[in-house]
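J.: Here are the chains, one letter per residue:
2 protein chains.
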Amino acid sequence: MVKLKCTVAYDGTHFFGYQVQPEKRTVQSEIEAALKKLHKGCPVRIAASGRTDRGVHAYGQVFHFTSDLRIPEENWAKALNSLLPQDIFIRQAEQVDNAFHARYDVRRKEYRYRLLTRPEPDLFRRFYTTHIPQPLDIGQMQAAARFIVGTHDFSSFCAANTSVIDKTRTVYELAIEPFADETIIRIAGSGFLYQMVRIITGTLLDVGMGKFTPLHVAEIVAAKDRNSASKTAPPTGLTLWKVTY
Amino acid sequence: MVKLKCTVAYDGTHFFGYQVQPEKRTVQSEIEAALKKLHKGCPVRIAASGRTDRGVHAYGQVFHFTSDLRIPEENWAKALNSLLPQDIFIRQAEQVDNAFHARYDVRRKEYRYRLLTRPEPDLFRRFYTTHIPQPLDIGQMQAAARFIVGTHDFSSFCAANTSVIDKTRTVYELAIEPFADETIIRIAGSGFLYQMVRIITGTLLDVGMGKFTPLHVAEIVAAKDRNSASKTAPPTGLTLWKVTY
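Sequence lines, in order, name chains U and X.
Residue numbering for the first sequence follows the UniProt record's numbering, starting at 1 and increasing by one per position.
Residue numbering for the second sequence follows the UniProt record's numbering, starting at 1 and increasing by one per position.
Just so you know, not all the hints are guaranteed correct.
To be verified - Simulated pairs of lysine-lysine, DSS-like, Cα-Cα distance not exceeding 30 Å:
1) X:Lys224 - X:Lys211
2) X:Lys78 - U:Lys211
3) U:Lys24 - X:Lys24
4) U:Lys78 - X:Lys231
5) U:Lys231 - X:Lys78
6) X:Lys231 - X:Lys24
Keep in mind the hints are simulated off the structure, nothing from the lab.
Kindly generate the complete structure, drawing on both the sequences and the hints.
T.: Here's what the structure looks like:
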């Protein structure tokens, strides 16, 4: 038996999220279907670094699985890609130690959120960006970001319907960077609560639009109450960029 | 009655091309359906600068129509966009002289063809670029382009199934430009024959891959025979960029 770690990109547009759900097209079920074919009908279960919601994309999602097939390490990605649909692509497959776990061993996760910041929409990027037609004050958003970076109880930035008890997480980095006609929010942390990146993004957008001051974000963090933060930003702009072990 | 000239962008991915076809989703039928709604059920016919094939996109397609509605000029685009699907967007609508014709008055058309020139594919651009994993010799392609620019009988670069008799056209400009991990082919001319841009692109690709020399392209032009040129490049990379009157 060998254990394989795969780095996978997917376009979340036409999936009902990452995780298997009965009767729905999900990323996990498509990958497991490809693995089943490769294993002559034997089911293979994969474990990913975490889920992504419906409409959210991934450039560097990671999952692992074990296999008794004798395929040279460098041929795994090609073998899987030949069986996967056009909207999933295995970027890398490497053999790892049997102790490796794609979820439990995560040290750092990075997400990127693409905002299309110009008056006119762009239909060619409608599935990959969130369109903000009004001007944003990037300086104010950057000032607000400083109150989010660090180790906090992120209850204010966690969707209500979650079973997680300890909501303490560490945000290592939160950058807001203009790039051509887009503004990219880049956030890295030890791990993220359910919809945490999208609620942080929604809150930063309200700061950028002048609905409240950067300092008010410190109060939102302190409140530990989901109702104090802003609306959840749409999934389309969001990509799970990189997972580090 | 007023005559309106509209500049429209569309994502060609989910259309069976521009022109109306029975039982098919086309750009023209979607726009005419929106206009019919706006005109309380009265059919309105539009005339565009020309067709685009299935899978081909537009950033600056132009069409005209006449209407007896009293809508201020600046509200037309908004009114139409509210009735159009997500993959069609009217960028501008302006009132024009009654003599204007979107097809007969064209002076210049510009197309852009996006090549993704790197080993790894990119699923987020799979509908908007054509992936060329092997390296291209841009200098050779630029040298070949010089034999295409100018006024020629472009029979070699016209799909066989066409009813057009005079195949003389003028190509004003043909640039091949690297841009990040893409190579953009920009071509402007007086008008283009059926699949002409895609056949020129396919031929330039063969030059870039070293299948033949730039000078051989001069021979292809002189042959006036579709069989002398290369395969038609896929539609996905192609966008009708701008129409000038």
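J.: Now tell me if each hint is right for this structure.
T.: Hints, one by one, checked against the model:
For a cut-off of 30 Å, the pair hint linking X:Lys224 to X:Lys211 stands: about 20 Å separates their Cα positions. For the hint pairing X:Lys78 with U:Lys211, the CA-to-CA distance comes to about 27 Å; that is within 30 Å, so the pair holds. At most 30 Å may separate the alpha-carbon atoms for a hinted pair to count; U:Lys24 and X:Lys24 meet this at roughly 27 Å. A threshold of 30 Å between alpha carbons decides the hint, and for U:Lys78 with X:Lys231 the separation of about 27 Å falls inside it, so the pair holds.
For the hint linking U:Lys231 to X:Lys78, the alpha-carbon distance of about 26 Å falls within 30 Å, and the restraint holds. Annotation: proposed proximity of X:Lys231 to X:Lys24 holds, straight-line Cα distance about 27 Å (limit 30 Å).
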